[in-house]
Each structure stands twice: as structure tokens, then as C-alpha cells.
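Protein chains in written order, with the numbering used here: chain D, 1 to 543; chain A, 1001 to 1101; chain P, 2001 to 2576.
Everything labelled a hint here was simulated from the structure, so no lab data went into it. The reader is advised that the hints may include incorrect statements.
[Claimed, not checked] Computed, partial: chain A to chain P, Cβ under 7 Å: (1) VAL1023; (2) MET1032; (3) ILE1036; (4) LEU1040; (5) VAL1043; (6) PHE1047; (7) TYR1085.
[As the list claims (entries may be wrong)] Which chain P residues stay away from chain A? Per the calculated CB distances, all over 10 Å, these: (8) ILE2036; (9) VAL2055; (10) ILE2167; (11) LEU2234; (12) ALA2535; (13) SER2565.
[Said to hold, decoys possible] Part of the chain D face toward chain P, derived, beta carbon under 10 Å: (14) PHE72; (15) PHE137; (16) PHE140; (17) ALA163; (18) GLY176; (19) SER177.
These numbers were taken from a predicted model, which means no experiment stands behind them. Just so it is clear, CB atoms sit at the ideal spot from N, CA and C, and this is done for glycine as well.
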Amino acid sequence: MSFPILDVVVLLPLGAALAIALLPRQAPMALPKWLGLGSGVVELGFVLWTVVAFKTGNNHAGFQFTSREPWFGPLGISWYLGVDGISLFLVAVTALLFPIAMATRPSPEGALPRSYLGWMLVLESACMASFLSLDAFLFFIAFEVTLVPGYFVILGGLGERRAYAATKFFLYTFAGSAFLFVGILATYLLVAARLPAGSPASFDIITLARGAMHLPLADQELLLVAFGVAFAVKMPLVPFHTWMPDAYTQAPTGGSMVLSGILFKLGAYGILRWGIFLFPRAAVDLAPLALTLGAVGVVWGSVVAAMQRDLKRLVAYGTVAGVGFIVVGLFGFTVQGITGGVVEMVNHGLSIGGLFLLVGMVWERRRTHELDQLGGLQTVAPVLGWVFMAVLLSAVGLPGLNGFIGELLVLLGTFITHRWWAVVATSGALLGAIYLLWAYQRVFHGPAKAVNAGIRDMTWGERAAIAPLLAGIVFIGVYPQPLLSRIQPAVDHLVAHIEYADPSLKIPSSGQGHGTFAVPANQVVDVPAGTTSSAAAGRGGRP
Amino acid sequence: MTVPGPWYLVLAACLFGIGGAGVLVRRNILVMYMCIELMLNGVNLTFVTFSRMLDDLGGQASVFFVLVVAAAEVVVGLGIIVAIYRRRTGATADDVSSLKG
Amino acid sequence: MTIFAGTAGPGCTISNLVTSEAKVSGLCTAKGSLSIPVEYRSIAPVLILGVAALVLLVLSATLPKRRYPGLWAGLTALAGIATTVDGIVQWANLDNPANTALTVGGQVLYDHFSAFFAILFGCATTLGAAISDSYLSREALDGPEPYVLMLACSAGAVLMAEAAGLITLFLGLEVLSISLYTMTAYHRRRAASGEAGLKYFILGSFSSAVFIYGAALVYGATGSTQYFEIFQFLTGTVVVHDGVLLAGMALLVAGLGFKVAAVPFHFWAPDVYQGAPTPFVGYMAAVAKAAGFAGLLRALMLALPTQVSSWRPAIWVLAVASVLVGSVMALVQADLKRLLAYSSISQAGYVLIGLQAGTQAGWSAASFYLFTYLFMVVGTFAVVGLTQGRGEVRNDLGSIRGLGQRNPWLAGGMLVLLLAQAGVPLTSGFLGKWLVISAVIGKGQYELALIGMVGAAIAAFAYLRVALLMYVPAAPTPARPGQPRGEGGGEPAVAPTGPGAPSGLAEVAGDLEALATAGLGATATAVALRAPSTARLRVPRATAAAIAVCVAFTVFAGVSTPVLSLAHSIGLTWSL
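Turn these sequences into a full structure, and let the hints steer you where they fit.
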């Protein structure tokens, strides 16, 4: 029995939140702050240790650090945590962004309110549980619980319509989750009905994936749609996105950071882990729909973002485009595409999280997000300008920074199987570059307006806050190997699973093989040896 | 001449129906209350008739329970009505309308 | 011979009991012999509650005439605890299946189901007494009478859950209802209370008459009022002309539908909830609903399982109508008690959803739902009883405004209870919905599952609005910068209202107000936004303890298994 590190990762922020809630009223004002930040940093330490200790290589495609306790025994529900290459870096980004977000003050006056710190910690705990959960019930609980702290974090902002935004956020996602609720239960019961006599029904992902694969295709498609609606609302994919600009703009800076940087990843991660993985055949059938929504999202998000006059809304719509791009990658069903999608999720957390942080800094100085009111900040606040530029270029996808790797993989991977969608998405990426650079130009270039002349440059505290994000951006851009080597086996395995479920799916050679595709010994789904080797050959993997 | 059982059942159903319609239509609370008694008596007649037709004592025993319950309802119901009308003059349901609905 | 022929399958111990002539010789069929077998441990909860009611009456007549603060409530709570403990003892005793019995002349069924509901009604009595005490002394109504009524009501409720026949069920129903009529009308100086009592009385008596007429028709069609004899008759006979039976079943369902406030038999509920003394509403919402459903579950699942294809569509319609009408109507209420009344109507819809599945999963899901709902609704009404002020002057939505400042702990507890009713995970409300929905999905009724969840999302807005209002500052005027905050109330330990930018406070309050009253009429809005006092809200000790228990239980039952496995094994009783 090794150290239950994932349980600690999930429960530590919750414990810190409880401690903050129970602190006596007379406690010094700084105590909750240091408690919150301290627990965030300790959490980050645990996560980094997990990343380092994570075993790479094709024999380790399965879940690691698993921890399992029966929970609601009679219902087949267990507390089941585990991490694989797909969730590992999402967990890492979560642990990285939360302390930074907690350090940002929701209001310029006064100390950090305890309530804000408390809800942020609860939110961190729920996000961690969502990413790490291997039990559908536990996942649903965590996914749904994010709403409550999310609601209160948005409510803690300064926007004039924050109550409206928070309520809209809650109700939209709650209604979306209704479908997930029914979908999970239906999957469980349908799978349980087909289990051989004597084997216990369970909500764990392995049992569900084994069984769901063999359900009638029509059932699978309906279930995937039910799952998909919930995740599409959370992401948010284009027709379901209307809650998002309100929520992101009304939330405090830290709230926007974690909402866009992490919470929406829950949707993208959910569609990969609980949608594509459980219903691979249905996913292949419905891929054109998902790809279309994704590609439309890229173009539409970019165009609308370009038209915004409010810097924060602009970044918020940029998120819509980013989500579309990730979906295009995931539904390409190639190793490159899915790897790219996962890398993009990580990148997006770093760059959009960073952008919201910087937008918050601009707001603290000028108390406005209006692009017309800003301008010429480069001359008075050069450091802020350069940092903004760096993060922005990462979002644009400049080679040498992290965005490039992800976008390249997505486009390569999807181009092979779904050419035209990839072409549309590429045009979206170009649009993205245009609107972001244009926004940069309007905010930082030109002569400094009189009102902007007196603003101060970044403080050391602010530099310290953005530094970890910049480090991540540069590191992934320059040396992505540690990232890819950990993500790769899990994705290989997922693609093998999809191909096994749907042998008709021919994934052509990409020429971008990342090593041999030996089937992992501890893999989740039984893939007969013959199938796997042919699949590997089909993908043209070479050493 | 014997009257066939179903006729009693029809009579009982009529009593029950008249009582039910009375509760829903009439506005005087005492009359409404009497209508409920009428419904219960329709029930009693039904029980007795079935008891006779089935040659089973259970139905007749049930009537006693219904009677006792009806008596208990009278006590409580009249108590509530009196408590209300000590504050008021008339006795129609339309006066009792400070609650919506 | 099996009880769930065609539905759940396996036979049960009770059916074996039915065949043993000695035990089944009930009141109606006993011929000649006067020795009726009585298993006293089976009716112990009824006896405890009934005797406690008598003790209270005798004490009040013999003690010197003066006020005894806390005495009556204390004795009632004690009786409630004794009932709960007895229920647990019964449960342990029943783990040996041989102890399951049909007793007291075949009128009382002694099984896990009745023990479960004895525990439920014992808890309800304890909590009801705990939250009533401070209310009654605040309103200068204290005395033993309401507690006597509460005990009698609980005794009737237990009897309904134990009944093995329609006549016993009717007796329990009437003991329960008559006590509740009086409790509703108990506030002598409030006109609304008397009116609500009268309305409840007329409509309740009407529904009782409907119910007993249904029992008479079922008796005529099957030859008995005893569940197992009806069942035996219906399994052994093919009813060709089943008009009388169908009419009887419809009237039974309608009569009990009134008691549980299922749409379209719900129209009394908002008025009665609005008028009745608030703590009694909490008690009533929990007990009347649970007892009505206990009767309905027994009657439909024990006596009429063979007719499931006849009654399932009817229950389906009631369930869907209750969920949707309850949720939507809750959105447009400006009165907090009416809002909660509609919410309880929609909660009844979920129990009906479980019931109409007609399976053991549905049976235990409904039981679990009722048990956990008890704690949510009693706690919620306890909080409402505190915020409304002396004389129930404020029941509108605005009365809860600023609770986050006036008493952060109370607001936190209320938040948990509201989220639980909305069905947010990690609360018992979520688990209840999970069980209910999984029961209907198990029957392949996906459309019903979706309707149920959409209804939950609609209702969530109503609860969220209340939750939001708790955190709107009680005084909408913007605070001056630098003003020391929270003199009386202080900041909530975990609450969204940070110090905030004073300049933005006014607009934000405006936004919150606009949202909190969206959909209400102009007059209602004006009333709803009248700010209550900002003074710290004091919570009497007994009420605080009761609310704490409710909140703790709501979380406990949502994250752990004991209550769940209790409810789960109720279903198993019938599949032995």
C-alpha cells in the first residue's frame, strides 16, 4: 500500500477550505490568505511529484496511482481515483493555476475575503476529483459540485450583472447535467443487464467501457448525445455557449482564470474520457457533427472576438475558438489529433489563464476593459507589455512557444482523416492570430493617452504570479518531450480501443509515428493481439 | 318483492355524487359539511350492500369505522368553524378568502 | 405463490403467512373465537405515541395552572426519540425473517417497511417538537394541546404505514388528518390560520370520503379490504368486468393523492402551507406526505400488483404533472411558504416517479426519498419560522433577505437544505433523485427520467433565488468606504459577499434584486423587497439543535451508506 497521493490531492484543498471556514472571526486577516495559498502550493508540490514519478513508456498506458474504496456498496459505486497520461497534465495545470488565481484579489480594496478563498479551494478540490475520478458516479458528483463554488466565485466578482451571470451559469450547466445524469444511469443499467451472471455491476470506467462498447449502436449514439450535451454546455461548444461571456466577464480575475483555464477543460476532458472512450463506435459515427460544431466554433469565436470592444469579453470569446479547436483535434481519431487536443487543453489553461490574469492587471490600473479607453500602455508599462506579448504569442501559436506544438498536432492529425474540417479550423487559427494581435495593438501601442500616462508597471508580486505560467509556456514550447512521452501511451491505447471497437475505421499512415505500439500489459480494454498489431501496422508506427 | 343489490349500489353512487357535487358547488360551509356527510353515507350504503351481496361480515364492520370517523370529524370540523365565525358574521366560503387560490 | 407475480418475481414470507390460516384470521373473518393474536412489539410505536399523548393530557389537567416552558415539547421529543429507538429495535428484530408477521387480527403488518416508517415518524415528531417550542412561546400559544395533536398525528401516521388493510389505513389516515386540521387552525389570532384550517378540513374530509368510497368499491370487486386477500383474489381470478375495481383503484389513488398533494389534487397545499403555523407546516409536509405515500405504496404494491398495468399510467401522469407544475409554479411565488409548498408538490412528484416504476428499486427509492425529505423540509421551515418574525408578519421572499449577514450559520444551513432540495450532489436530495431516476431507467422509461431531471433544473432556479436573496445585503444603501463592516452580523464564514467595492455595491444589489424577483408582479416585487431588520437573528437553542441535525443528516445521508442500505433492504423484505 503506497502513499495515497491522489486522495491527498483531492482532499487537501477541501480540508483547507474547511479550516478557513472554521477559523475564528478574530483570527488575523492574513491567516486565511496564507492558509489558502500555502495549501495551494503544497498541493502543487504533490502534483509535481506525481508528474515526475509517473511511469512513461508503452507498458504504462493504464491508470497509475490508483486508489479504490467501496463507497455506496449496494449501488456499485466506489471512490476510485487514478491518473493516466490524458489527465496528468490537466491536473498539473489545475494545481498551477489555482494558487495564482487565489492570490489575485477579487476587489482592489481590502484583504482577500475568506469566502472567496474558501470557495476557490472547494472548486479546486472538485476539479481535481473530476479529472482523477475513474468512477462515473464520482465523476458526476464532482462535475456537478463544481457548480456551487463556481456560482459563488462569480458572485464574488465586481461586475454589475454578476448575479445574473452566476445564475445563468448555474442553471445552464445544471440543465446540461440532467442529460449526463440520465446518460450515466442508463449506461450503468444497460451494461449491468448484459454482464455475465455473478459479476458485480459497477460504475467504474473499466466495467462501463467493456460493456458499453457492445451495446447496440443506436443506444450508444443516444447515450453519447446525452453525455455530449452536458459536456458541450460546460465547454462551451458553440450553440450552448451563451452563458459563457457573461460568466467570464462578471467573475473576478481569479474566477475567470479558473473558469476558462480549468472548468471548461472538464467538458473537453469529459468528452474524451467519458464520451469517446465509452462509446467509440458512436463517436466515430457522430464525428462529423462534432467536427462541424468544433470548426464552426473556431471561426465564429474568432470573428465575434475580433468585434468585441471589451478586452475581457474578447478573451472570453477567444475561449470559444480554443474549445472548437480542441474538439476538432479530439474527433480526428488519430494519435496526433488526440495528443494535440490534450496538449491544447494544457496550453489553453496556461495561455488563457495568463491572459485573464494580465487583463485583470490592466483593469486594476485603469478600472476598465474598454479597448477605446486603453492604448499606449507599452511606453508606460513596458514589462506588462512584453509579458502580455509573450502570453499572447503563445495563444497565437508561435513556434518555440507551447501553442505551436498543440496546434500543429491537431491540424496534422485531423487533416489526415477529416481534411476539410482541418482546413476550416486552420483558417480559424489565422483569425485568432489577427484578433489577438489587433487587440494587443489597440491596448499597448500608439501614444499613451493622458489618463494612461501615470499607470505603474508590473509589481514584483505580479511578476511572481505570472512567472510560473511563462515558465510553463516556454518549457513546453522548447522541450515538449516530457509532456508527449507521458501523454502518448495513453492516447495510443485509446486509439487502439477505438479501432478495436470499430474495425472499419481505417486510420491512414501519418508518417508521424511516435514509437512502437506494443499493447500495454495493464491496459483497460481487452484488445486481441491480432487486432492490435494490425492496427499498429495500419498506423504505420515505426521505431 | 326484493330490490336487487345493484339498485342499492346505484343509489349509493347517487348519494356520493350528490354529496361530492355539493361540496364543490355550494358556498355555505355548513351545507358543504353536510354534503361530506352525505358522501360518507353513500359509502356506508355501498359497504352494507356489498356485504350483503358477498355474504361477508367485513363490510358491515367497516361501516362502524366510517361512522366513528364521521363523528370525530364533526367534532373537529364544527370546532374549527365556530372558532372562525366567532370573529365574523356570515358563514359562506366566499368570505374566507384572505388566502389566494 | 408469489407476491410480485410478473413484476419483481420472487415470493416472500408474508405470502407464506397468508396461507397459514391461524394468523390470517383477521377481524373480518374471525368466526366464533374472540382470541385475536396480538404481537405487541409490532404496535409498540403506535402505543408509545398514543400513550404519550394521553400522558400529556392527564398532566395538563392535573398540574397547577401555570406555564411550563419546554416541558410539553420535551416530553413530545422524548416520545419521538422513544419511537425512533423502538423502530430501530424492531428493525434489528426483523433481521430474522421469521419475525415478520401479520398480526393484531391480521390488521397490522410487522416488517421492515413499518419499522422504517416508525423510525421516520419518530424523527419527525422529535424535530417537530423541537422547532415548535420557541415558535409557540413567541406567538403566546404555548400549552400541551399542539403536542397532543402532534403525537396523535404521528400515531396515525405509523398506523398507516403498518396497516395491512384498507380499513386500518383509513383509520390511521383519519387520526392523522383530524390532528392536522386542528394544528393548521391552531393560531387563534391569525385569520389566515383559521381559514387554512377550514379549507384543509373541507378538502381533507372530501378526499377521505373519496378514499373510503374507493375502498368500498375495491371491497365489492374483490370481497375483502385486506391487502393479501385482495391480492390472493386477484391472482386467482381473472376479473372480466373490472369497472368497479378500476373505479375503486382510481378513487383510492385520488384520495391519497390529496394527502400527498400530487397535481391535480394539490390546490389546497399552497393555501394551507401559507396559513398554518410555520413549524407545523414543516412537520405536516414531512409526515402527511410520508404517511400518504406509505399507504399508497402498500396498497398498490401489496394488494394490487397484478393491476400494475392499470395504475401505472395514472401514477405516471400524476408524477409528471406534479414535477412540472410544482417546479414552474414555485418560480412565480412571492411568498416563501407558498414557494416551498409548490416545491413540496414537485418533490412528491419524484416519489411518484419511483412509485410508478412498480419495482423493488422504485419501492426503496421512494422510501429513501421520503426519509431524507423529512429532514430537508423540517429544517427549511424551521428557518422560515425564525425569519418571519413575531405574528408571522413577513412570509414574503424579502423576509429571508440579508440572512447571510444577520446570521451566517443559519444562512449556511439553509443553503445546504435548499441545495439538497434542488438535488445538488453530496446531499441526500441528490441521492434520492439518483435512486428514483435509476429505478425508472431500469424500467426503460427514459422520457420520464428526462422529464424528471428537467423539472429539477427548473426548480433549481426557485431554490437558487432564495439562496441568492439570503446574500443580498439587508440594507440596499451603499456602505461608506472605510466603514467597519459587520458590527452586528459580521461576515459569513463562507459566503459570497466579500467586502466588495463599496462603490459597486448599490448596482449589484439592484441586479440581485432584479434577478431575485424576475417573473413576479410589480406589487409582489415591492413587497418582496421591503428590507427586514439588519439586527442579528437570534436562534433559540432547541430550534438551532433541530436545524443542525437536519443539515447534518442531509449531508450525512448524501455521502454515506447507512440510510441507503436501510432503504435498500426494505425492498429486499419482499424478495426473500
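Here is what the structure says about each hint:
For VAL1023(A), the interface hint holds, since its Cβ comes within 7 Å of a Cβ in chain P; the closest pair sits about 5 Å apart. Among the interface hints, the one on MET1032(A) holds; its C-beta lies about 6 Å from the nearest C-beta in chain P, closer than the 7 Å criterion. For ILE1036(A), the interface hint holds, since its Cβ comes within 7 Å of a Cβ in chain P; the closest pair sits about 5 Å apart. Taking 7 Å as the C-beta cut-off, the interface hint given for LEU1040(A) holds, the closest approach to chain P being about 5 Å.
A least Cβ separation of about 5 Å between VAL1043(A) and chain P falls short of the 7 Å threshold, and the interface hint therefore holds. Evaluation of the PHE1047(A) hint against chain P yields a held restraint, the C-beta minimum of about 5 Å falling below 7 Å. Hint on TYR1085(A) is violated. Least Cβ distance to chain P is approximately 9 Å, over the 7 Å limit. With a minimum CB-CB distance of about 13 Å to chain A, ILE2036(P) clears the 10 Å threshold, and the non-interface call stands.
Every CB of chain A lies more than 10 Å from the CB of VAL2055(P), the least distance being 21 Å, so the non-interface label holds. Non-interface call for ILE2167(P) relative to chain A: violated, since the shortest CB-CB distance, roughly 5 Å, does not exceed 10 Å. Distance to chain A confirms LEU2234(P) as a non-interface residue, since its nearest Cβ pair spans about 15 Å, more than 10 Å. For ALA2535(P), the non-interface assignment is confirmed: its Cβ lies about 29 Å from the closest Cβ of chain A, beyond the 10 Å cut-off.
With a minimum CB-CB distance of about 37 Å to chain A, SER2565(P) clears the 10 Å threshold, and the non-interface call stands. Interface restraint check for PHE72(D): the shortest CB-CB distance to chain P comes to about 6 Å, inside 10 Å, so the restraint holds. At its closest, the beta carbon of PHE137(D) sits 8 Å from a beta carbon of chain P; the interface hint therefore holds under the 10 Å criterion. At its closest, the beta carbon of PHE140(D) sits 7 Å from a beta carbon of chain P; the interface hint therefore holds under the 10 Å criterion.
Given the 10 Å rule on beta carbons, the hint for ALA163(D) holds: about 4 Å separates it from the nearest Cβ of chain P. A distance limit of 10 Å between C-beta atoms decides the matter here; for GLY176(D) the minimum to chain P is near 9 Å, and the interface restraint holds. With a cut of 10 Å, the hint placing SER177(D) at the interface with chain P holds, because the nearest CB-to-CB distance is about 8 Å.
Going through the hint list in order, the structure does not satisfy hints 7 and 10.
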